[in-house]
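**Q** Residue numbers (our numbering), protein chains in the order written: chain Z, 2 to 108; chain X, 2 to 108; chain F, 2 to 108; chain V, 2 to 108.
Note that these hints are calculated values from the structure, not bench results.
Be careful, since some hints might not be right.
Identical copies look the same in the list; a pair holds intra-copy or inter-copy alike.
Pairs of lysine to aspartate or glutamate residues, derived as DMTMM-like cross-links and limited to a Cα-Cα distance of at most 25 Å, are as follows [as the list claims (entries may be wrong)]: (1) LYS94 with ASP19; (2) LYS89 with ASP64; (3) LYS89 with GLU99; (4) LYS94 with GLU50; (5) LYS94 with ASP13; (6) LYS94 with ASP81; (7) LYS94 with GLU21.
4 protein chains.
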Amino acid sequence: MSLADLTMRLRDFAAARDWEQFHTPKNLAMALSGEAGELISLFQWLTPEQAAAAMRDPELAADIEDELADVLLYLVRLADVLDVDLIKAANAKIDRNETRFPRISPG
Amino acid sequence: MSLADLTMRLRDFAAARDWEQFHTPKNLAMALSGEAGELISLFQWLTPEQAAAAMRDPELAADIEDELADVLLYLVRLADVLDVDLIKAANAKIDRNETRFPRISPG
Amino acid sequence: MSLADLTMRLRDFAAARDWEQFHTPKNLAMALSGEAGELISLFQWLTPEQAAAAMRDPELAADIEDELADVLLYLVRLADVLDVDLIKAANAKIDRNETRFPRISPG
Amino acid sequence: MSLADLTMRLRDFAAARDWEQFHTPKNLAMALSGEAGELISLFQWLTPEQAAAAMRDPELAADIEDELADVLLYLVRLADVLDVDLIKAANAKIDRNETRFPRISPG
Numbered sequence: 002m003s004l005a006d007l008t009m010r011l012r013d014f015a016a017a018r019d020w021e022q023f024h025t026p027k028n029l030a031m032a033l034s035g036e037a038g039e040l041i042s043l044f045q046w047l048t049p050e051q052a053a054a055a056m057r058d059p060e061l062a063a064d065i066e067d068e069l070a071d072v073l074l075y076l077v078r079l080a081d082v083l084d085v086d087l088i089k090a091a092n093a094k095i096d097r098n099e100t101r102f103p104r105i106s107p108g
Numbered sequence: 002m003s004l005a006d007l008t009m010r011l012r013d014f015a016a017a018r019d020w021e022q023f024h025t026p027k028n029l030a031m032a033l034s035g036e037a038g039e040l041i042s043l044f045q046w047l048t049p050e051q052a053a054a055a056m057r058d059p060e061l062a063a064d065i066e067d068e069l070a071d072v073l074l075y076l077v078r079l080a081d082v083l084d085v086d087l088i089k090a091a092n093a094k095i096d097r098n099e100t101r102f103p104r105i106s107p108g
Numbered sequence: 002m003s004l005a006d007l008t009m010r011l012r013d014f015a016a017a018r019d020w021e022q023f024h025t026p027k028n029l030a031m032a033l034s035g036e037a038g039e040l041i042s043l044f045q046w047l048t049p050e051q052a053a054a055a056m057r058d059p060e061l062a063a064d065i066e067d068e069l070a071d072v073l074l075y076l077v078r079l080a081d082v083l084d085v086d087l088i089k090a091a092n093a094k095i096d097r098n099e100t101r102f103p104r105i106s107p108g
Numbered sequence: 002m003s004l005a006d007l008t009m010r011l012r013d014f015a016a017a018r019d020w021e022q023f024h025t026p027k028n029l030a031m032a033l034s035g036e037a038g039e040l041i042s043l044f045q046w047l048t049p050e051q052a053a054a055a056m057r058d059p060e061l062a063a064d065i066e067d068e069l070a071d072v073l074l075y076l077v078r079l080a081d082v083l084d085v086d087l088i089k090a091a092n093a094k095i096d097r098n099e100t101r102f103p104r105i106s107p108g
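Start from the sequences, fold in the hints, and give me the full structure.
**A** The following block contains the structure:
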C-alpha cells in the first residue's frame with residue numbers, strides 16, 4: 002500500500018465519521034505535535050543503549066509502532082487537507098539538503 | 002516513488018555523510034519533535050480562515066511544504082533505524098480506530 | 002512560594018528518589034516537549050469558543066492545570082540543571098521584544 | 002521579580018500591542034509547543050556529555066537561555082489567559098507525585 006492509498010483511506014475514515022469539520026490545518030498540526038510528544042515520551046528516560054534496544058521489548062515496541070503510526074496518520078491527513086504531495090515535498094527537501102551538505106564518502 | 006524508496010534514499014544520505022552515529026532513536030525523536038514544532042509555528046497566529054487559505058500564499062506554502070517534508074524525513078528515518086514498517090503500522094492503527102470509532106455514515 | 006522555592010523543592014524531590022541520573026539536559030528537554038504535547042492535545046479538537054471556555058468544565062480544567070504544571074516542573078528542573086535563572090532570562094527576552102515590537106498604544 | 006510580576010508584565014506587553022486577539026488558548030498552546038520544539042532542537046545532535054557541558058559554549062548558552070525564556074513566557078501567558086495559578090498547580094502536582102513515587106532516601 003502506498004502513501005496515496007493511505008491518504009484515501011484516511012479521507013474516507015474522516016468522511017464516514019463526519020470528522021472533516023475537525024480536520025482543519027490548525028487542529029491537525031496540533032494533533033501531529035501532540036502525537037510527536039507521545040512518541041518522544043517513550044524514549045525520554047532511556048539511556049542511548051536502552052533506546053537502541055527498545056524494539057526488543059514487545060510491549061514498548063508495540064507502543065512505539067502505535068505512536069509512529071499516529072504521527073504518520075496526522076501528517077498524511079494534514080498534507081491531504083493542505084493539498085501537499087508529501088513524497089514530492091520530501092524529495093525536493095533531500096535535493097536541497099544534498100547541495101547544503103556535500104557527501105563525504107564515495108557512493 | 003514509494004515510502005520504501007524514500008527510506009533507502011535517506012539511509013544512503015546518512016551513510017554518505019557519516020551521520021549514522023547521530024541517528025539514534027532518541028536523537029531522531031527529538032529532531033522529529035523539533036520539526037513538528039516548526040510546522041505548528043507556521044499556523045499559530047493564523048485565524049482558522051487564514052490557516053485554511055495558507056497554501057494560496059506562495060511564501061507560506063513553500064514553508065509549509067518544507068516543514069511537512071522535514072517531519073516526514075525524520076519520521077521515515079526513525080522508523081528505519083527502529084526497523085518499523087510505517088505503512089503497516091499505520092494501517093494496523095486505522096484498523097483499531099475503525100473498531101473504536103464506528104462509522105456514522107454509510108459507505 | 003517563588004520559582005526559586007519550586008526549584009529547590011524539585012531538586013530535593015529528584016535527590017530523594019535518586020533520579021538525578023535521569024535528569025540530563027537531553028532527557029529533561031524531551032520530557033518538557035512531551036508534556037507540551039499533552040497540553041496541546043487537550044485543546045486540539047476544541048473550537049476557539051470551546052477553548053476559551055475550557056476552564057468552566059471541571060474535569061477539563063483539572064487536566065489543563067495538571068499539564069500546565071507538568072510543563073512548568075520540567076522547565077524549572079531543566080533550567081536548574083543548566084544553571085539558568087529563568088526569571089532573569091524571561092525578563093531579558095521581554096526587554097529585547099520591547100525593542101523588536103514597538104507598542105502601538107500609550108501606556 | 003516573581004512569576005506574578007512576570008504575568009503582569011506580559012499582560013501589559015500584549016495589551017500595548019493589541020495582541021490579546023491572538024492570545025487565545027489554542028494559539029498560545031501552539032506557540033508554547035513550537036518553542037519547546039526550538040529548545041529541543043538545540044540538544045538533538047549533542048552527545049549526553051556535550052549536552053551536559055552546553056552552557057560552557059557562550060553562543061549555545063545564549064540560545065538555550067533564549068528558548069527557555071520563550072517557553073516560560075508562553076506558559077505564563079497561557080496560564081494567565083486561562084486564569085490558572087501556575088505555582089499553585091505545580092505544587093499540587095508535586096504533592097500528588099510525592100504520593101505516587103515514595104522517596105527512597107532519608108531527608
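**Q** Are the hints correct? Go through all of them and say.
**A** Structure-based check of all given hints:
In this assembly of identical chains, LYS94 and ASP19 lie within 25 Å of each other by CA distance solely across copies; the values are 19 Å between and 34 Å within a copy. In this assembly of identical chains, the alpha carbons of LYS89 and ASP64 lie at most 25 Å apart only when taken from different copies (14 Å versus 29 Å within one copy). Only within a single protomer do LYS89 and GLU99 lie at most 25 Å apart by alpha-carbon distance; the minimum there is 15 Å, versus 29 Å between protomers. Proximity of LYS94 and GLU50 under a CA criterion of 25 Å is satisfied in neither setting, with 31 Å inside one chain copy and 28 Å between copies.
For the identical chains of this complex, LYS94 and ASP13 are inter-copy neighbours only, at 15 Å across copies versus 29 Å inside a copy, given an alpha-carbon limit of 25 Å. Taking CA atoms no more than 25 Å apart as the test, LYS94 paired with ASP81 passes in both settings, with 18 Å inside one copy and 18 Å between copies. When the C-alpha separation of LYS94 and GLU21 is checked against a cutoff of 25 Å, the pair qualifies only between copies, where the shortest distance is 19 Å, while the shortest distance within a copy is 29 Å.
When the structure is compared with the earlier hints, a violation turns up for hint 4 alone.
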